[in-house]
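Colleague: Residue numbers (my numbering), protein chains in the order written: chain A, 1015 to 1373; chain B, 1015 to 1373.
By construction, these hints were calculated from the structure, which means they are not laboratory data. Some hints here could point you the wrong way.
A pair holds if it fits inside one copy or across any two, identical chains being indistinguishable in the list.
The calculated DMTMM-like cross-link candidates involving lysine to aspartate or glutamate, where the alpha carbons are at most 25 angstroms apart (straight line), are [stated by the list, open to error]:
no., residue 1, residue 2
1, K1341, E1190
2, K1341, D1054
3, K1341, E1224
4, K1091, E1130
5, K1341, D1085
6, K1091, D1233
7, K1341, D1367
2 protein chains.
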Amino acid sequence: MIHCAEYVKPDGRRLWLYGRRPPSPLGPVPSPFSTAVSVDTHLRFHPLLREWVIYASHRQERTFLPPASSDPLAPTKDPANPTELPVGDYEVAVFENRFPSLVPEAGPAPAVEGAETAAAVGACEVVVFAQDAGQSLGELPADRISLVLEVWAERTRALARAGMAYVLPFENRGTEMGVTLLHPHGQIYAYAFVPQVQAHAAAALREHYERTGSDLVADLARGERDRRIRVVAAEGEVVAFAPPFGRFPYETWIAPTRSVPDLAGLTAQETADMAVALSQVLRRLDGLWGRPMPYLMTVNQAPSDGVPHPEWTVRIEICPIRRAPEKLKFLAGTELGAGVFANDITPEQAAADLRGVRL
Amino acid sequence: MIHCAEYVKPDGRRLWLYGRRPPSPLGPVPSPFSTAVSVDTHLRFHPLLREWVIYASHRQERTFLPPASSDPLAPTKDPANPTELPVGDYEVAVFENRFPSLVPEAGPAPAVEGAETAAAVGACEVVVFAQDAGQSLGELPADRISLVLEVWAERTRALARAGMAYVLPFENRGTEMGVTLLHPHGQIYAYAFVPQVQAHAAAALREHYERTGSDLVADLARGERDRRIRVVAAEGEVVAFAPPFGRFPYETWIAPTRSVPDLAGLTAQETADMAVALSQVLRRLDGLWGRPMPYLMTVNQAPSDGVPHPEWTVRIEICPIRRAPEKLKFLAGTELGAGVFANDITPEQAAADLRGVRL
Chain A
1015 MIHCAEYVKP DGRRLWLYGR RPPSPLGPVP SPFSTAVSVD THLRFHPLLR
1065 EWVIYASHRQ ERTFLPPASS DPLAPTKDPA NPTELPVGDY EVAVFENRFP
1115 SLVPEAGPAP AVEGAETAAA VGACEVVVFA QDAGQSLGEL PADRISLVLE
1165 VWAERTRALA RAGMAYVLPF ENRGTEMGVT LLHPHGQIYA YAFVPQVQAH
1215 AAAALREHYE RTGSDLVADL ARGERDRRIR VVAAEGEVVA FAPPFGRFPY
1265 ETWIAPTRSV PDLAGLTAQE TADMAVALSQ VLRRLDGLWG RPMPYLMTVN
1315 QAPSDGVPHP EWTVRIEICP IRRAPEKLKF LAGTELGAGV FANDITPEQA
1365 AADLRGVRL
Chain B
1015 MIHCAEYVKP DGRRLWLYGR RPPSPLGPVP SPFSTAVSVD THLRFHPLLR
1065 EWVIYASHRQ ERTFLPPASS DPLAPTKDPA NPTELPVGDY EVAVFENRFP
1115 SLVPEAGPAP AVEGAETAAA VGACEVVVFA QDAGQSLGEL PADRISLVLE
1165 VWAERTRALA RAGMAYVLPF ENRGTEMGVT LLHPHGQIYA YAFVPQVQAH
1215 AAAALREHYE RTGSDLVADL ARGERDRRIR VVAAEGEVVA FAPPFGRFPY
1265 ETWIAPTRSV PDLAGLTAQE TADMAVALSQ VLRRLDGLWG RPMPYLMTVN
1315 QAPSDGVPHP EWTVRIEICP IRRAPEKLKF LAGTELGAGV FANDITPEQA
1365 AADLRGVRL
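The shape of chain A in the complex, shown without the other chains (with noise of 0.2 angstroms):
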């Protein structure tokens, strides 16, 4: 069960209050920012590689590593610096990113010579873990952790319904992954198209699903829940493993064993095995060599285009950047120029390397 308070910000900007009972009423929240952004955003079509590129010369401004006494998402404390959140007792909040890169009512694009445009449509969030900037998403309680993927779910649900193609909750994790506050946090970008990445996947798994009659990534989730080779952890009917092909050092995938498209399609029971799983492997992650892991995690849904897609499971990805306790995995020539990673780590001995984590 979840509940949620709707507010908006001084600058306009909404913001979610989430918590497992009703948070209680709050006054005017507030924001670093009195007046509106002025947002500008547009797209452009790369013609050689097929996709949109975003174009957001305001965000070259956004706050960059402020000081931990001045954390933009940490309750406000002093009236007369307001911060993004209020005091209160809700647990987990979401609002509008102050420099977003997507927005729901995109202006027209320019027109530009040589180049397709397209308005910037869509959605860029901020989601916030916990009040508590000293906890990470991996170190927080199983059910908190569940609230996190119900809070996900929840605001998938409503971009989809507000149009939006795909949506795609995500944490960079580290400021080695380029994170410019460090109080735990993770975002939320929706798109009014489906994305390259996400259209690819959904031909791959379609391909799949028509050839066996079922998709791959449960098919994934049992193969190597019965194989145990690979397994990181697992809970309940959700398994988390090494894929078999992962691009990144110690990369390891969620996911349930039972064919589901997306966060909202999981039972409580599922939510929570999710939860405990995930925790787990960010834990594992970390006790590997006793330091934070920077990482991208994803969480990848089926896309919210108005077909069914019984050939697609939610899973969340989780990417690790560093090779070994000194060393980060770049993304250079072999990996950008042509799309092939060289990972210097089996999957195999990631996962007996993660599962002799001591937690």
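The hints should help you fit chain B onto chain A, whose structure is shown.
Modeller: Frame of chain A; chain B shown alone:
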């Protein structure tokens, strides 16, 4: 005109020394390693992304940021401490990487339960632009840069003859880009298959060619030359421009205005012009904030898969990863998770900024 001498290192790797004049004959050539490397590498197929992933466990041990006093890419001064290169009057050197992801004589791939595997056939070569560790590629005289282009053309031709379906010369520049050896150098990866990025590009280019009768990249180079708003440098029939749909801040492409599928197809004059344009671009990027710009540079030639490629014109793509003097561009949620890049700087602004740099 380019002269080449081939040698074999004590550990069995090949070395090619290039010059405008025939390099003087040498005795035995050095290697920091006395015995053949044990290469443990194979490919696995990623069924959602439909691309190959390389597993190369032995690469974890590769040389990592040695001190300048033990530069393995400088000529050997002390025979008791051999580097990768001999003393000699050569200008550019290429040798087989000691820690390759792909090798010409790859052993059979292991059977892996749950994944399709293949032998990691290919090549990984290191290209040393100059004996002097103090000069970056852009700082070298134009004729040396031209020689580097000719060496890339020569190695591409040789690897294609050896059966490689795609040859990718590139430079990762800067520790921010993951460089592990500071002596300026590039790399060449050769694949026995056409990588996914190039396969997609070829399909898009083919569609343009069939629709218009000309190829997209040369069309673009001519269009940008004539429009002038995104030109960064122009020399003869070669144009350097910010592509109207660039994904990286200050992304710059260099291409001839004539349809030419690969470097080997350029005339001597076009090669010389491309070298001048490349030098201009690299020095303008470094001049932007008075500090070396970290970037990925790729040379995008047509596949060498045995069919003609009238749809494809060679281009050099330079993708910088610094978006402001103190801020890097990170690839994270939307870029890696969806393939939708967010760029803070429009190509028109990028080109104007780069043109404004005083050299």
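Colleague: Regarding K1341 and D1054, is the shortest C-alpha distance of 25 angstroms or less found within a copy, between copies, in both, or in neither?
Modeller: between (37 angstroms within a copy, 20 angstroms between copies)
Colleague: Treating 25 angstroms as the Cα threshold, decide for K1341 and E1190: within, between, both or neither.
Modeller: Both. Shortest intra-copy (11 angstroms) and inter-copy (12 angstroms) distances satisfy the 25 angstroms Cα cut-off.
Colleague: As a check of your reading, is K1341 near D1085 (CA-CA no more than 25 angstroms) within one copy, between copies, both or neither?
Modeller: Answer is between; shortest inter-copy Cα gap is 20 angstroms, intra-copy 29 angstroms.
Colleague: Up to 25 angstroms between alpha-carbons, please classify K1341 paired with D1367: within, between, both or neither.
Modeller: Only inside one copy: K1341 and D1367 sit 17 angstroms apart there, 34 angstroms across copies, limit 25 angstroms.
Colleague: Classify it for me, K1341 with E1224: is the Cα-Cα distance of at most 25 angstroms met within a copy, between copies, both or neither?
Modeller: neither (42 angstroms within a copy, 46 angstroms between copies)
Colleague: Evaluate K1091 and D1233 at a C-alpha cut-off of 25 angstroms and name the case that applies: within, between, both or neither.
Modeller: neither (49 angstroms within a copy, 58 angstroms between copies)
Colleague: Quick one: K1091 to E1130, C-alpha cut-off 25 angstroms, is that within a copy, between copies, both, or neither?
Modeller: neither (47 angstroms within a copy, 56 angstroms between copies)
Violated hints for the displayed structure, listed by number in ascending order: 3, 4, 6.
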